Amino acid sequence: MSLLLESIRQHKAGQPTGIYSVCSAHPLVLEAALRQGLEDDSVVLIEATSNQVNQFGGYTGMQPADFRDFVFGLADKAGFDTARLILGGDHLGPNAWRQLPAAEAMVLAGDMVRGYVAAGFRKIHLDCSMSCAGDPLPLSDAVVAGRAAQLCAIAEAAWRDAGGDAPVYVIGTEVPVPGGAHEELGELAVTSPQAAAQTLKVHREVFAAAGLGDTFERVIAMVVQPGVEFDHHKVVRYNAAKAETLSAFIEAEPLVFEAHSTDYQSDTALAELVRDHFAILKVGPGLTFALREALYALDVIERESIGEFGASHLKAVIAQVMQEEPDYWLPYYAQPGHQQYLDRNYSLSDRIRYYWPHPKVVAAQQTLFANLAKQPLLMTLVSQYLPEQAKKVADGRIAATAEALVIDKIMEVTRSYAAACGMARSVEPRVRRAA
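In this text, residue positions in the sequence shown follow this note's numbering: the first is 44, and each later residue adds one.
For the record, the hints were derived by calculation from the structure and aren't laboratory data. Please read all numbers here as calculations on a predicted model, not as lab measurements. Check before you lean on any hint, since a few could be wrong.
[To be verified] Dumping the calculated SDA-like pairs for lysine to any residue here, alpha-carbon to alpha-carbon at most 20 Å:
#: 1; residue 1: Lys277; residue 2: Val186
#: 2; residue 1: Lys120; residue 2: Thr444
#: 3; residue 1: Lys55; residue 2: Ala295
#: 4; residue 1: Lys358; residue 2: His401
#: 5; residue 1: Lys358; residue 2: Glu336
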């Protein structure tokens, strides 16, 4: 955790630096993040959400210790030093069980937090902002803070049992919907400095009353709404002028802001966010959106190269699986007909990301990669569908393999975040050519 704390210290000392958090469980996305860390010789922060990973497996089928081992295995494969790898838990609270009464949901949330900390996760986002069955809507700051303190006490006990670095915490009640908005967005209201001050004040008081006053010194960030979000096909861009007073407020406090739903912001906007003390940038769907772009492109390249017979038909397979098992997208894509097709395949909320672990989709992706490995990639086709990656193959910056093309496409996103956070190097490494 010293590397994360040092990043925060540098930012509070006046350096326009930050850190980005990769919120994904897809192996190619995580490998891209680790390769970005190697490219920049930087720390890598990877977070799992309460829906992805919990004591019941989440939608990935992984408990916290499973996810840790999964990520560490990828780090070993990439040659990335795990001492520079930080694991975090995002939206840890009753979100996955909010259909239950609060008392029941909080017991389950406590078990989840205990498992995360015991497994070595040390950046913990305490998110108790959602109402449970029978709760008022919205919850008061006092209730949110009280529930966060309850989970923090469990996390502290788990850390004392497990040992290692002390966990650090993120608080905040104005948390954007995980994965983007469900409805079409207009202009967003930025959190007022008065609301941010009230949230911070109430949390300090409640934590102190719960005997966690010293622990509160390890709260490194607060989630607020800087005015960024995305819906299915539109992005609300960051407007620095509208966040000016909010940005000024945090300068007098020992913590920074954490910005959620920063996916699809421009390079300039990301840099402005970091400059304005949103020093932790969360990115998730933007990474899997790039993954989907690359895999769809390879699906076309494969069929153009070898013909329809024997091809993986990856796009068709995932379409079939989504139709057969619509729970992850049907509540979000309400428009019927062709619009629903467009939303399923190309929405910025990227509900496809829930289907990549499906056995049928995994098998199709493996077939796709195997087919493309049987003979050298036809670079004219790569140039047609992945032109930037084709240039890098020609320049010797990446290998001419399906996996390398996909990872580099994802790294178009990680490089943008690394640059905004002051982490990126100016020159990409070259691939060593065979003699």
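Going down the list of hints, with the structure as the test:
no.: 1; hint: Lys277 x Val186; result: 34 Å, violated
no.: 2; hint: Lys120 x Thr444; result: 17 Å, holds
no.: 3; hint: Lys55 x Ala295; result: 9 Å, holds
no.: 4; hint: Lys358 x His401; result: 13 Å, holds
no.: 5; hint: Lys358 x Glu336; result: 11 Å, holds
The structure fails hint 1 only (numbered hints given earlier).
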